[in-house]
Amino acid sequence: MVRAAEDAAADLESRRGLEIDMHHEMMRLTLRVVGETLLAYDPTDAADEVGAALAYLLAIANERTSRILDLPPLVPTRENLRFRRALATLDDVVLRMIAERRKSPGDRGDLLSMLIESRDAETGEAMDDRQLRDEAMTILLAGHETTANALTFTWLLLSRYPAAFRELRSELQRVLGGRSPQVDDLPRLTLTRRILQESMRLYPPAWIIARSVIGPDEIAGYQIPARSVLFISPYVVHRHPGLWEDPEGFDPERFADEPPRGAYLPFGGGPRMCIGNAFATLEAELVLATLAQRLRFDLVPGGGVELEPSITLRPQNGIRMNVR
74 MVRAAEDAAA DLESRRGLEI DMHHEMMRLT LRVVGETLLA YDPTDAADEV GAALAYLLAI
134 ANERTSRILD LPPLVPTREN LRFRRALATL DDVVLRMIAE RRKSPGDRGD LLSMLIESRD
194 AETGEAMDDR QLRDEAMTIL LAGHETTANA LTFTWLLLSR YPAAFRELRS ELQRVLGGRS
254 PQVDDLPRLT LTRRILQESM RLYPPAWIIA RSVIGPDEIA GYQIPARSVL FISPYVVHRH
314 PGLWEDPEGF DPERFADEPP RGAYLPFGGG PRMCIGNAFA TLEAELVLAT LAQRLRFDLV
374 PGGGVELEPS ITLRPQNGIR MNVR
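Residue 117 in the working numbering sits at position 44 of the sequence shown, and the numbers go up by one each step.
Zero decoy hints are in this set.
FRET-style restraints, in silico, Cβ to Cβ: (1) 197 / 324: 54 to 60 Å; (2) 288 / 180: 41 to 47 Å; (3) 197 / 90: 57 to 63 Å.
Simulated crosslink set (DMTMM-like; lysine to aspartate or glutamate; CA at most 25 Å straight-line): (4) 176 / 201; (5) 176 / 164; (6) 176 / 207.
Bear in mind the hints are in silico, worked out from the structure with no lab data behind them. Every residue, glycine too, gets a C-beta built ideally from N, C-alpha and C.
All chains, full assembly: derive it from the sequences and hints.
If you want it as structure tokens, here you go:
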């Protein structure tokens, strides 16, 4: 993780004074982190095509969930054809990764090795390439897009609140003294963690969560039938004035104390909480600590941010920032 962040920092340092799309940069970085850490594969060369394909798939998937009527995927409409091409792009990247691993098998200590070596408890059969593709696709895509969104919004907030950035720099200098962060440093980087927590409070990547009702219930006087689908919006909960003081404000120190139970849900809650919670938090803290020591990013003058509440909460047209 740190090596990928260091490489990203060096690349961005070479572009000081230039304008970048921060969301694009964070997508590239987190894709590499997830690929190398969980799959022992560097997908950086395919980052641009993966990012474009993923953006389109998310947009269309979001649209389709809100349509009353929709043509079946097999009907060759322009949208369906483009949807298939985007899926094929992702398939190609993941299947190429699996093929390369098949050529040089062995345990590399990553999740893909575990998946390849796993056997069905009843039949003793290994996963075929299609099954491996499904598992690897979930890891690669779900594991990088949400973290990239969280980091992107964090840089936006630090640009808007320069005093918070100065305090962050001070903490990093005090704890790290200019060296790269390691996992053992993270417990002492309390402000770093709180800034990320506050960023995910204001802009939770998982802005809406669905849950199936397993039995009839009553909530606030409303009868909830079994097999209903409930939608919970962390975005709304995180900005509720009954749960948070000054909910629209940016105040990392609010996380000096544990928030009320159920008031903070960036990874969901209960037994169905996102299993990637620890990995995503570790990744975001290490990336923020690595880059913030060496770089500052300023929102371009007049630059605005339009939110896109798709499957995840992301900036609709990226976020243009100057590298300092």
